[in-house]
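Protein chains: 2
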Amino acid sequence: MLNTFKKHVDKFAQVSNDEFDEIKKFFDTKGVAKKENLLAEGQICRHHYFVLEGLLRKFYINEKGIEQTTEFAIETWWMTDNIAYEHKLPSEFYIQAVEKSQILSITQDNQEKLVQAFPVMERYFRFVYQRAYAAAQMRVKYLYSLSKEEFYFQSVERYPEFAQRVPQYLLASFLGLTPEYLSEIRKKRSS
Amino acid sequence: MLNTFKKHVDKFAQVSNDEFDEIKKFFDTKGVAKKENLLAEGQICRHHYFVLEGLLRKFYINEKGIEQTTEFAIETWWMTDNIAYEHKLPSEFYIQAVEKSQILSITQDNQEKLVQAFPVMERYFRFVYQRAYAAAQMRVKYLYSLSKEEFYFQSVERYPEFAQRVPQYLLASFLGLTPEYLSEIRKKRSS
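Going line by line, the protein sequences match chains A and B. Taking this note's numbering, the leading residue of the first sequence gets 1, the next gets one more, and so forth. Taking this note's numbering, the leading residue of the second sequence gets 1001, the next gets one more, and so forth.
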């Protein structure tokens, strides 16, 4: 299972097997049940999560008391509330498993110790954040330029596996649509 | 002027003055006139820009032929089209000086050579991307949870200097409002 992580590190940084044996000691491996929360609103955000297997989502509860999903993470994606994690602050978000998942987790202190001990991991995390930031920038562009319907169809096209795995009501929440309306536009498209 | 950059590096990484003298050779310093483009749609995105003094914006031209501003950068902020920059692709964006500006620029090849020669700069860029990603995540949350009016007033509150420097018509474009409507809600607030 840890091989998923080793492969991801290898994409961006050169780490020998011996080094990796040391690096992995900074992480905990954890099984998470479907719908189990890894983080809840108001808790200090202490962990950064890497999905080995499964699917996580991040959401907050809006003024109307409704869960608003802002992000998903599938295999090899990292997830946390980044501002709260860096500054050890209470989070405004929940992080929850959508599927039964296997994850790696690291604390902020351990992540700092890790990059001090293995500066090559600065390179790894630099790439992780660089890619995540680039994706977030594209998302902002789509939020300006695409209708919710277009954004949905583009997401399905780009990440077909992802769109199949995410339950429709969560996809609707992520897109800011009602589940009924999403179902309608999907029918329209397929007819 | 380069002192602005040195101070920013010092916030995140430990670099001696001798090292900095070598590091700065990887960058070019450049004066940019007001409304001058650093990048235009269709051009290969070859540079990453750091604002020493002044103000940049990033925009694309939408289907209606209108400039849609998606981002601003003031002193000590980095700006590029990150996906196009990493993969040396043609950009969908323009980067333009809003004010007469002084910037540092680095090419993707030089940035790679820099971090190879000075691994401590991996740490610096890791922090730069980490902070930028965290800010982009908060922005996505605001796009879900705040009305355009609320987003405007929150931006003014958080970045008062920034809101004063950006011309109202650009701020309106960034917010997805018409300049007339922005002027209206500002009057309403101040009355």
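No lab work stands behind these hints: they were computed from the structure. Please note that the accuracy of each hint is not assured.
Unchecked claim - Taking lysine-lysine pairs in the DSSO-like style, the calculated list, with each CA pair at most 30 Å apart, reads: (1) A/Lys24 <-> B/Lys1011; (2) A/Lys11 <-> B/Lys1034; (3) A/Lys141 <-> B/Lys1030; (4) A/Lys141 <-> B/Lys1035; (5) B/Lys1034 <-> B/Lys1007; (6) A/Lys7 <-> B/Lys1088; (7) A/Lys113 <-> A/Lys187; (8) A/Lys113 <-> B/Lys1113; (9) A/Lys148 <-> B/Lys1011; (10) B/Lys1025 <-> A/Lys141; (11) B/Lys1113 <-> A/Lys7; (12) A/Lys64 <-> B/Lys1141; (13) B/Lys1011 <-> A/Lys30; (14) B/Lys1113 <-> A/Lys6; (15) A/Lys35 <-> B/Lys1141; (16) A/Lys34 <-> B/Lys1100; (17) A/Lys188 <-> B/Lys1064; (18) B/Lys1188 <-> A/Lys64; (19) B/Lys1088 <-> A/Lys141; (20) B/Lys1148 <-> A/Lys64; (21) B/Lys1011 <-> A/Lys25; (22) A/Lys187 <-> A/Lys35; (23) B/Lys1088 <-> A/Lys113; (24) B/Lys1035 <-> A/Lys100; (25) B/Lys1188 <-> A/Lys113; (26) B/Lys1100 <-> A/Lys141; (27) B/Lys1188 <-> A/Lys11; (28) A/Lys187 <-> B/Lys1064; (29) B/Lys1113 <-> A/Lys148; (30) A/Lys24 <-> B/Lys1113; (31) B/Lys1006 <-> A/Lys88; (32) B/Lys1035 <-> A/Lys113; (33) B/Lys1141 <-> A/Lys148; (34) A/Lys88 <-> A/Lys113; (35) B/Lys1141 <-> A/Lys141; (36) B/Lys1188 <-> A/Lys6; (37) A/Lys11 <-> B/Lys1011; (38) B/Lys1148 <-> A/Lys11; (39) A/Lys141 <-> A/Lys113.
These numbers come from a predicted model, not from an experiment.
Structure-based check of each hint:
1. A/Lys24 <-> B/Lys1011: The given pair, whose Cα atoms are some 28 Å apart, holds under the 30 Å limit.
2. A/Lys11 <-> B/Lys1034: At roughly 41 Å apart (the allowed maximum being 30 Å), B/Lys1034 and A/Lys11 break the hint.
3. A/Lys141 <-> B/Lys1030: holds, 28 Å
4. A/Lys141 <-> B/Lys1035: Holds, at about 21 Å.
5. B/Lys1034 <-> B/Lys1007: holds, 26 Å
6. A/Lys7 <-> B/Lys1088: Roughly 24 Å separates the two Cα atoms, so the pair holds.
7. A/Lys113 <-> A/Lys187: Between A/Lys113 and A/Lys187 the Cα gap is close to 51 Å, so the pair fails against 30 Å, i.e. violated.
8. A/Lys113 <-> B/Lys1113: holds, 25 Å
9. A/Lys148 <-> B/Lys1011: violated, 40 Å
10. B/Lys1025 <-> A/Lys141: violated, 34 Å
11. B/Lys1113 <-> A/Lys7: Holds - the C-alpha atoms of A/Lys7 and B/Lys1113 are around 24 Å apart, at most 30 Å.
12. A/Lys64 <-> B/Lys1141: holds, 15 Å
13. B/Lys1011 <-> A/Lys30: violated, 34 Å
14. B/Lys1113 <-> A/Lys6: Given pair B/Lys1113, A/Lys6 holds - Cα atoms ~25 Å apart, limit 30 Å.
15. A/Lys35 <-> B/Lys1141: holds, 22 Å
16. A/Lys34 <-> B/Lys1100: Between A/Lys34 and B/Lys1100 the Cα gap is close to 54 Å, so the pair fails against 30 Å, i.e. violated.
17. A/Lys188 <-> B/Lys1064: The hint holds at about 26 Å.
18. B/Lys1188 <-> A/Lys64: holds, 26 Å
19. B/Lys1088 <-> A/Lys141: Holds, because 19 Å separates the two Cα atoms, which is no more than 30 Å.
20. B/Lys1148 <-> A/Lys64: Holds. B/Lys1148 to A/Lys64 sits at ~18 Å (cutoff 30 Å).
21. B/Lys1011 <-> A/Lys25: holds, 29 Å
22. A/Lys187 <-> A/Lys35: Measuring from Cα to Cα gives roughly 28 Å; hence the hint holds.
23. B/Lys1088 <-> A/Lys113: Roughly 34 Å separates the two Cα atoms, so the pair is violated.
24. B/Lys1035 <-> A/Lys100: violated, 52 Å
25. B/Lys1188 <-> A/Lys113: violated, 51 Å
26. B/Lys1100 <-> A/Lys141: At roughly 26 Å apart (the allowed maximum being 30 Å), A/Lys141 and B/Lys1100 satisfy the hint.
27. B/Lys1188 <-> A/Lys11: violated, 53 Å
28. A/Lys187 <-> B/Lys1064: Between A/Lys187 and B/Lys1064 the Cα gap is close to 29 Å, so the pair holds against 30 Å.
29. B/Lys1113 <-> A/Lys148: violated, 41 Å
30. A/Lys24 <-> B/Lys1113: holds, 28 Å
31. B/Lys1006 <-> A/Lys88: holds, 27 Å
32. B/Lys1035 <-> A/Lys113: Outside the cut-off at roughly 45 Å; violated.
33. B/Lys1141 <-> A/Lys148: holds, 16 Å
34. A/Lys88 <-> A/Lys113: holds, 16 Å
35. B/Lys1141 <-> A/Lys141: holds, 15 Å
36. B/Lys1188 <-> A/Lys6: Given that 30 Å is the threshold and the Cα spacing comes to 56 Å, the pair is violated.
37. A/Lys11 <-> B/Lys1011: holds, 28 Å
38. B/Lys1148 <-> A/Lys11: violated, 40 Å
39. A/Lys141 <-> A/Lys113: Measuring from Cα to Cα gives roughly 36 Å; hence the hint is violated.
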